[in-house]
Every structure is written in C-alpha cells, then in structure tokens.
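J.: Next come the chains, spelled out residue by residue.
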Amino acid sequence: MRGQEAREQAGRKALMATLAHAEADEIARLWNESGLPSEAELLRGPETGLVTVRGRIGGGGAPFNVGEATVTRATVRLPSGRVGHSYALGRDKGKARLAAIADALWQDPTHRETVETKLAAPLRAALDAARETRRIETAATKVDFFTMVRGED
Amino acid sequence: MYVAVKGGEAAIANAHRLLADRRRGDRSVPALRLDQIVEQLALGVDRVMSEGSLYDRELAALAVVQARGDMIEAIFLVRAYRTTLPRFGYTNPVDTGAMQIERRVSATYKDLPGGQVLGPTFDYTHRLLDPELAAGAEVETPAQRPAEPEAMPRVSAILAHEGLIEADGDMPLDHVPGDITREPLQFPMARDIRLQALSRGDEGFLLALGYSTQRGYARNHPFVGEVRIGEVELELDVPELPFAVPLGSIRVTECQMVNQFKGSAKAPPQFTRGYGLVFGQSERKAMAMALCDRALRASELGEDVVAAAQDEEFVISHSDNVQATGFVEHLKLPHYVDFQAELGLVRRMRAEYEARENEEKAEEKREAAE
Numbered sequence: 001m002r003g004q005e006a007r008e009q010a011g012r013k014a015l016m017a018t019l020a021h022a023e024a025d026e027i028a029r030l031w032n033e034s035g036l037p038s039e040a041e042l043l044r045g046p047e048t049g050l051v052t053v054r055g056r057i058g059g060g061g062a063p064f065n066v067g068e069a070t071v072t073r074a075t076v077r078l079p080s081g082r083v084g085h086s087y088a089l090g091r092d093k094g095k096a097r098l099a100a101i102a103d104a105l106w107q108d109p110t111h112r113e114t115v116e117t118k119l120a121a122p123l124r125a126a127l128d129a130a131r132e133t134r135r136i137e138t139a140a141t142k143v144d145f146f147t148m149v150r151g152e153d
Numbered sequence: 001m002y003v004a005v006k007g008g009e010a011a012i013a014n015a016h017r018l019l020a021d022r023r024r025g026d027r028s029v030p031a032l033r034l035d036q037i038v039e040q041l042a043l044g045v046d047r048v049m050s051e052g053s054l055y056d057r058e059l060a061a062l063a064v065v066q067a068r069g070d071m072i073e074a075i076f077l078v079r080a081y082r083t084t085l086p087r088f089g090y091t092n093p094v095d096t097g098a099m100q101i102e103r104r105v106s107a108t109y110k111d112l113p114g115g116q117v118l119g120p121t122f123d124y125t126h127r128l129l130d131p132e133l134a135a136g137a138e139v140e141t142p143a144q145r146p147a148e149p150e151a152m153p154r155v156s157a158i159l160a161h162e163g164l165i166e167a168d169g170d171m172p173l174d175h176v177p178g179d180i181t182r183e184p185l186q187f188p189m190a191r192d193i194r195l196q197a198l199s200r201g202d203e204g205f206l207l208a209l210g211y212s213t214q215r216g217y218a219r220n221h222p223f224v225g226e227v228r229i230g231e232v233e234l235e236l237d238v239p240e241l242p243f244a245v246p247l248g249s250i251r252v253t254e255c256q257m258v259n260q261f262k263g264s265a266k267a268p269p270q271f272t273r274g275y276g277l278v279f280g281q282s283e284r285k286a287m288a289m290a291l292c293d294r295a296l297r298a299s300e301l302g303e304d305v306v307a308a309a310q311d312e313e314f315v316i317s318h319s320d321n322v323q324a325t326g327f328v329e330h331l332k333l334p335h336y337v338d339f340q341a342e343l344g345l346v347r348r349m350r351a352e353y354e355a356r357e358n359e360e361k362a363e364e365k366r367e368a369a370e
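Residue numbers (the working numbering), protein chains in the order written: chain A, 1 to 153; chain B, 1 to 370.
Because the hints were derived from the structure by calculation, they are not lab data.
Idealized CB from N, CA, C, for every residue including glycine.
You may find that some hints are simply not true.
[Claimed, not checked] The list that follows gives simulated cross-link-like pairs (lysine to aspartate or glutamate, EDC-like), each with its CA atoms no further than 16 Å apart: (1) A:Lys-142 <-> B:Asp-123; (2) A:Lys-118 <-> A:Glu-33; (3) B:Lys-266 <-> B:Glu-233; (4) A:Lys-142 <-> B:Glu-148; (5) A:Lys-93 <-> A:Asp-25; (6) A:Lys-93 <-> B:Glu-58; (7) A:Lys-142 <-> B:Glu-150; (8) A:Lys-13 <-> B:Glu-240; (9) A:Lys-13 <-> B:Glu-233; (10) A:Lys-142 <-> B:Asp-111; (11) B:Lys-110 <-> A:Asp-144; (12) B:Lys-262 <-> B:Asp-304; (13) A:Lys-93 <-> A:Glu-26.
[Stated by the list, open to error] Stretch by stretch, here's where chain A covers chain B in the computed footprint (C-beta under 8 Å, at least three residues): (14) 55-69; (15) 76-86; (16) 312-319.
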C-alpha cells in the first residue's frame, strides 16, 4: 500500500473510532454548530444487530467466542454520490446515521477539514480528557510498597 | 381417554397486570430510571450482561427492573432478546494487554511492571453497613495521581521467560473457534468452546465448583497470576471497508490463574494455567471461570478425573442458568394428566403390595397354627 493511501485509511479509521466512542448527544450538538450538511440517502439501516466478541485463550492464544454485543450500523449516500459507513456499539440509530454521513463527508476534500476541526477534534478532546481523568484516578490506587527492616543486621 | 382442558386466560392476564403493579410498587416512591440502574447497580447490570451473554448496559438495566431484581429472570429476558437480532459477524480477538486498566492485581509478583493497582474494589473494606449511604450523604470525588502512563503486560508474559509455565492455549492453525450459539454441545469439547460456555455460565454454580477444587476435589494449587479489569477496543472486519472498523470499547474482567503441576505422563512439572474472561466488572466470576477451566483440562494434562469440577459433561451441561431454571421451573406448570397417570400406577402398585402383605401374614398365621 502506498504511504498516501495508508495515511488516508488511518485518518478515516480514526474518525470512525472517535464517532463510535462518542455520545450521540455530543455528536448531534457539535453537528448543529458545525454547519455541516446532514442531507443523505439511506442505503442500509440504520439497523441494530449483534457482533460476537472474541477473546484469546490465556490472553494471547487461540481465539474463542466470549459473547455478543449490540451494534448499530448505517450506510448513506450523499447528494454528491459519496458513500459513507458507520458501525458502533449500542442501539442508537440517530448516531449511526450521523456517523455514516460524517464518514462520507470526510472523504470529500471540501468537507474533510470541517469534519476534522468542528466534529472530530472536540469529540476527541473530550474523550481523551475523560480517559485521562480515569487513568489518574486509577493511578492513585496503585500500591507503594515499603520495606520493613527488622533485627540488627 | 384424553380430555383437553382450556382455561385461565383471564387469570393469566390479571396476574400479569398484578405483576406490573407490584413491580412498580408504592406510587408515592419515584420510579427507577434505567440510567440510575446502569450507574448505581453497575455490577448487577454487569452480571446480567455476562450471563445473558449480551453486552448492552441499557438493555441489561431494563431487564433488571422488568424482572424486579430477579437476576436469573433478567438474564432470561436478555437471552430471549438476543435471538431477535441478526448477526453482523465475529470481532477480531480483543487485546487484553492493551486494556485501559481500572484494576490490576497479582498475587504472585509484588513488583511487576505497571504495579499493583487496586481500582474500585470491595477488598479491604470492613463490610460494615453504611448508615450514611442510607441517608444519601454526598460522596467525595476520587483522589488523583498524575503519573506517566505505564505499560502493563500480562503477568503470563513475564512468567513465560523461564519456561516454567505453559504458553497461552493454542489450537491447531486451521481450527475455527466453535460457537455454542450455532452448534449443539458435543462432548468431549475443545477448550475454546468450553470457555464460551463458562463465560456465560452461572456465577454461583462456577463459584461453588471452583471452591470445591480448592477444598480438595480436584486440587490444583491455584495462585491468581493476575486479575485485570478495564476497557478493551473492539474491531470488526467488514467487506465494505478496507480496514477493521472500530466499534468502541467494552469493559471486561480477565483472570490468569497459575497452578502448580507436578507433571504427568503427558506433561513435565511446570505451572499450568486456567483462564477467565467475562463481560463487565466481575472478578469473582472470572476467577471461578479460571478455576473451572483448569480443572476441566484434567484429561488434556493426564490427570485422573475424580471430581465433579473435572467432569466436562457435568459442568458444561449444568452451567447455563437459563436452561437450568427452565427445566426446574417447568415442574410447576400443569402436569395434571401425568400426575393422574402416576396416581393410577401408584394405587395399583399399593394394592398389589398390600395383597402380597396380607397373603404373607395369612401364611405366617397358618404356619404358627400348625
């Protein structure tokens, strides 16, 4: 794969990850402020289904099935003809639709910058901040061991 | 002759209406919202997700309230709901080594990379009921310790260096993971299928079996190599995209149990392992699962199968609480005809028994008189 194409895919995947993690209300609020168009034709869904979560024996061995999780997906086509997809845990169909439109808009050079700065960046900042808070709260429960020296020598 | 009997529609309808009323309870008490259950009864929600085998907090919370807090009924509701949804596919295996750690402890190594991180644990609490909680007192915000992020490799990876512990469980390269939701159970079964059954198994049942191994029934000297709780990322391969699509993250609990093993004809002396991985925060379940996984590997490791916890068919056939409750609870449904048939049979056997008794007594009398 050429470097350009790899970067392109990494950027698109990063946006999809951000949208999958974000709350539906947050996406909708930022969308309204961004001025991004939300007109699109639904090609598939939004529909809710299951994915089977896989783990690995011993953590790193052969795969096994752990159980299912709900996932909602959508596929849309913009008036420009660009097609976008979304997948995310949960059952929020409004979120699935907006996320699919965001994916389609991101592929359009005229909208990518707006999607990145008005939608992805603030969502990412909020998610990173929440993750960092959890991390340092957890770090406060790390055990510091002391060595007790007993006896003369 | 068989006479079909109908009836009870009105009684059933009214019983369900009464159930709805009793579920709601005193109307002067505010009704529970699902977000309250998700936030404040989180571990109950996690249990329903784990044994219902469906990761969806809001649905599990709805099931809990609909079942009036009856966990097995809630699990039943979730299992029934699952069957209504199409399946999009199997995720790529989660990487628990890359988990966003919320708790991580090891009973085998004090100073392991990443350290001992207690997280939100009941351990070391005094188990005293808290009257302040009953009075609705405000809760302090958590302490924070800004620290550089540290890698937290799984403890099994650390132990592996010396070669004294077996590797993560491997399967032949062409092995496709079995799926108990698609194929009927068959014994003996591969370890991957057993783990799927154990992960959705009843916590109480697995806990009791795990406990039995500690008390000497299939003793296998376990140590908690590691328990870790936190969020892992999910990704799914889909045909419409050239990369695995990220789905978000789920919270799981993983237990690496390390067991002393004196060796057998099939394996040299070493540490063997049991593995537990369950949805949500549930280290009791993950630990019980790991103990059972290890006990059920008896044949593979050349150990004698002498205890219930080592008996694969016994354990796996009885670990599913939805199946178990279905079969036990069906006993209360009308068995009028079966019972009438049995009543007739017992009456006849009793009459025959009494006739025989009387005959024997008469015989004894005759003999005494002679």
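J.: Give a verdict on every hint.
T.: Taking the hints in turn, this is what the structure says about them:
Proposed proximity of Lys-142 (chain A) and Asp-123 (chain B) is supported: the alpha carbons are some 14 Å apart, at most 16 Å. Between Lys-118 (chain A) and Glu-33 (chain A) the CA atoms are separated by roughly 8 Å; this keeps the pair inside 16 Å, and the hint holds. Between the alpha carbons of Lys-266 (chain B) and Glu-233 (chain B) the distance comes to roughly 37 Å, so the proposed pair goes past 16 Å and is violated. For the hint pairing Lys-142 (chain A) with Glu-148 (chain B), the CA-to-CA distance comes to about 13 Å; that is within 16 Å, so the pair holds.
About 12 Å separates the Cα atoms of Lys-93 (chain A) and Asp-25 (chain A), which keeps this hinted pair within 16 Å; it holds. At roughly 15 Å between alpha-carbon atoms, Lys-93 (chain A) and Glu-58 (chain B) fall within 16 Å of each other, so this suggested pair holds. Annotation: proposed proximity of Lys-142 (chain A) to Glu-150 (chain B) holds, straight-line Cα distance about 12 Å (limit 16 Å). Between the alpha carbons of Lys-13 (chain A) and Glu-240 (chain B) the distance comes to roughly 13 Å, so the proposed pair stays at or under 16 Å and holds.
Restraint check for Lys-13 (chain A) and Glu-233 (chain B): the C-alpha separation of about 13 Å stays at or below 16 Å, so the hint holds. For the proposed pair Lys-142 (chain A) and Asp-111 (chain B), the alpha carbon gap of about 11 Å is at most 16 Å, so the pair holds. For the hint pairing Lys-110 (chain B) with Asp-144 (chain A), the CA-to-CA distance comes to about 10 Å; that is within 16 Å, so the pair holds. For a cut-off of 16 Å, the pair hint linking Lys-262 (chain B) to Asp-304 (chain B) stands: about 13 Å separates their Cα positions.
With a C-alpha separation of about 14 Å, the suggested pair Lys-93 (chain A) and Glu-26 (chain A) falls inside the 16 Å cut-off, and the hint holds. Remark: the stretch 55-69 of chain B is confirmed as covered by chain A, as 4 of its residues place a Cβ nearer than 8 Å to a Cβ of that chain, reaching the required three. For a cut-off of 8 Å, the count of residues in the stretch 76-86 of chain B with a CB near a CB of chain A stands at 3, and the three-residue condition holds. Here the stretch 312-319 of chain B counts 0 residues with a CB under 8 Å from a CB of chain A, which misses the bar of 3, and the coverage is violated.
Of the numbered hints given earlier, the model fails hints 3, 16; all others are met.
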